[in-house]
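Protein sequences appear in the order of chains A and B. 94 is the number that this note's numbering gives to position 94 of the first sequence; each next residue is one higher, with no gaps. So this note's numbering is basically just the index in the second sequence, starting at one, shifted up by 1000.
Please keep in mind that the hints were generated in silico from the structure rather than gathered at the bench. Backbone N, C-alpha and C define an ideal beta-carbon position, used for all residues, glycine too. Mixed in with the good hints, there may be bad ones.
What the hints assert, rightly or not - Which residues of chain A face chain B? A few of them, derived with a C-beta cut under 8 Å, are:
| no. | residue |
| --- | --- |
| 1 | Val13 |
| 2 | Ser64 |
| 3 | Met65 |
| 4 | Phe309 |
| 5 | Leu342 |
| 6 | Phe373 |
Stated by the list, open to error - Where chain B lies over chain A, by a calculated footprint (3+ residues, C-beta under 8 Å):
| no. | region |
| --- | --- |
| 7 | 49-60 |
| 8 | 74-81 |
| 9 | 107-115 |
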Amino acid sequence: MSLPAGLTQAADVTADLTVECGAVIVGSGAGGATMAAELAAAGIDVVVIEEGGYHPTEAFTASSMRALRTLYRDGGGGMAIGKPSVLFAEGRCVGGSTVVNGGMSWQTPPRVLAHWGETDGIKAIGETDMAPYFAAVESRLSVGLQDPETIGRDSELLKAGADANDWLIVPNRRNQLHCAGSNNCNNGCPTGAKQSMLVTSVPRALSGGARLFAGCRVDRITGSGVTGRFGHSGLGHSGSGHGGPRLTVRAPVVIVAGGSVQTPALLARSGIRSSSGQLGRNLSMHPNANVIAYFDEDVTGWHGVHQAFQVREFTGDGIVLTANNLAPPMLAAMMPAHGRELGELMADYNHVVTAGPLIEDTSTGRIRNVPGFGPQVFYQLNDQDAARVVRGVELTAQAMFAAGARRVLLPFDGAPALHSLGEVRSLLARPVPKRSIRLYSIHLMGTARMSEDPRRGVVDSFGQFHGRPGLFVADASIFPGPTGLNPMETVIALATRNARHLIDHRAGHAI
Amino acid sequence: MLVLQQVVERFALVVCPPRVREGQRLDGVLREFRLMTGALRPSARRVLLTAFVAIDQGARLYPRARGRRLVRLGDDAADAYLTALLARAGLAERLKGIVVMCYYELPEVKQEIGYDPDPYIAAVSRRRLQSYGAEIAAAAAASAASAAAQSAAVDP
């Protein structure tokens, strides 16, 4: 395997390193890679540090467990503490979560942008301000609709259920160049069709002269840059940063793009405080829940694109419905059964559709560095959002029965298999204890929120930390609140915008 | 670590489908589990291992266990104990999730339930290239040209 020029992996480093540059970027996901590509294209000397390893397209397989070990933080098993707890997953590899997400590319809803502008005085964030950035992102990442032959039966059944109920359902826009529909998004796209940062902005940044250090965990932001330590970023335990050579990067500009958990944790452990008191707070998660629906027909949900449609009938109520096939290990982990019963449920794997609601949450959580354990996520679902989840589950079951499902399993502990919408409604007529709801999330946002007012926000309108010239944040943690839709394109568009703003003001930062 | 392996093995025999006892499947589950725990940061690994130890020792409080640890229980008592724990969801449910993930990662188990993605991925990858190869190649060439131009522009 030939490595891209400019990439240094942990295994290649045998002694402590010190490098100098104009801008050092922590993280190579949607925000970090975009900033790197933009700044490098402007001739700025950029260093990117990624905690995870470099895994090219050819390395991706259909093995879920291998992907969890190599491409995700903590094997994809993050858990937000609360009642209920929320399982969450974050990518940790070159390209970040864009390597393992479903590739849904949606512009920030105009109402959300308007709200951010109004409540936090954020400059140049209106629909017309952002339009050129969305256009640039969509052109660069080949955002568009799926080719029809790649749409699988599970997606067709969701659409059939929505159509039968006369609900608004829209085809997904995804960052893909003729996606093959291999249904392997969460393990890394094996064809390179998904236009993740791994195959777009990272190579663009490297072509522009950026240097990328993979398998290095940044432990501290210093007054003159950052320090980190190389780990072992191959298979198995990776990137812990214990015991490897040290990396010291001196740069006048530091851009933190580690995601909504790691970014506030790194800032906090570096002794950086926000006068707003918001650093690490204001966490949104877009909680998801899954209904497992069984059909008589052979669905073979792993044939076809990861997610082809979204039911948008209920966005006004903060609910989006989707269908996503889960590989056997993931589905088994979610099944409310064990032993023989689990085996019986899984024997019908090819007759299953997994679908459910994504909730635009009003609950907020926080990130705290817990000594001995590192960053921990705390999130308490409020009553309003719990009600949204329950309603979203009921609507999903309604769609599935309308499409021909014979029985459904609901994401509530102790709920029996149900065989009709009437049974679902009868069950849900009784209160569902919050602690019994099984939730997961892949959209973490808001822990270093933007606001022009330093009393309300951690960073300003263009991602610069209030009161810390030269320190920027460039990931979903700068969102003032949830987007209600998949957040990747918002992260990339904001990173593009903020990079260009930084380039326009580069003289002030001596880069 | 031997104790942990015993606990996970006992746990797997209850939470996985009965066919986990066939052939080398149990070894496969334990192998996947070791690989998974090896990928965790040390603090997360400690939490996971502590949880298994707690479940092992917690059996002593279960009436039918008569003061014995999980690894010392017979099949029926172990099943009853873990079923009671799993009914309360929480920690045991999370651990069950991890162990059954390891089981359903085994190639023979995937085959049994009709999941065989490699030939499918190969077929749709070929279809993609047959249908859109020219456009994909053109996009790749345009991207390479753009990168080369960018590289030349920044080369002093």
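Each hint tested on the structure:
The beta carbon of A/Val13 comes no nearer than 20 Å to any beta carbon in chain B, farther than 8 Å, and the hint placing it at the interface is violated. For A/Ser64, the shortest C-beta to C-beta distance to chain B is roughly 6 Å, which falls under 8 Å, so the interface hint holds. Hint on A/Met65 holds. Least Cβ distance to chain B is approximately 4 Å, under the 8 Å limit. Among the interface hints, the one on A/Phe309 is violated; its C-beta lies about 19 Å from the nearest C-beta in chain B, farther than the 8 Å criterion.
Here the hint on A/Leu342 is kept, as its CB sits about 6 Å from the closest CB of chain B, short of 8 Å. Residue-level restraint check for A/Phe373 holds (minimum Cβ-Cβ distance to chain B is 4 Å; threshold 8 Å). Coverage of a stretch by a chain is defined here by at least three residues with a beta carbon nearer than 8 Å to that chain's beta carbons; for the region 49-60 of chain A and chain B the count is 0, and the condition is violated. Residues of the region 74-81 of chain A with a Cβ under 8 Å from some Cβ of chain B number 4, which satisfies the need for three, so the listed coverage holds.
Under a criterion of three residues with beta carbons nearer than 8 Å to beta carbons of chain B, the stated coverage of the region 107-115 of chain A fails, only 0 such residues being counted.
Checked against the numbered hints given earlier, the structure breaks hints 1, 4, 7 and 9 and satisfies all the rest.
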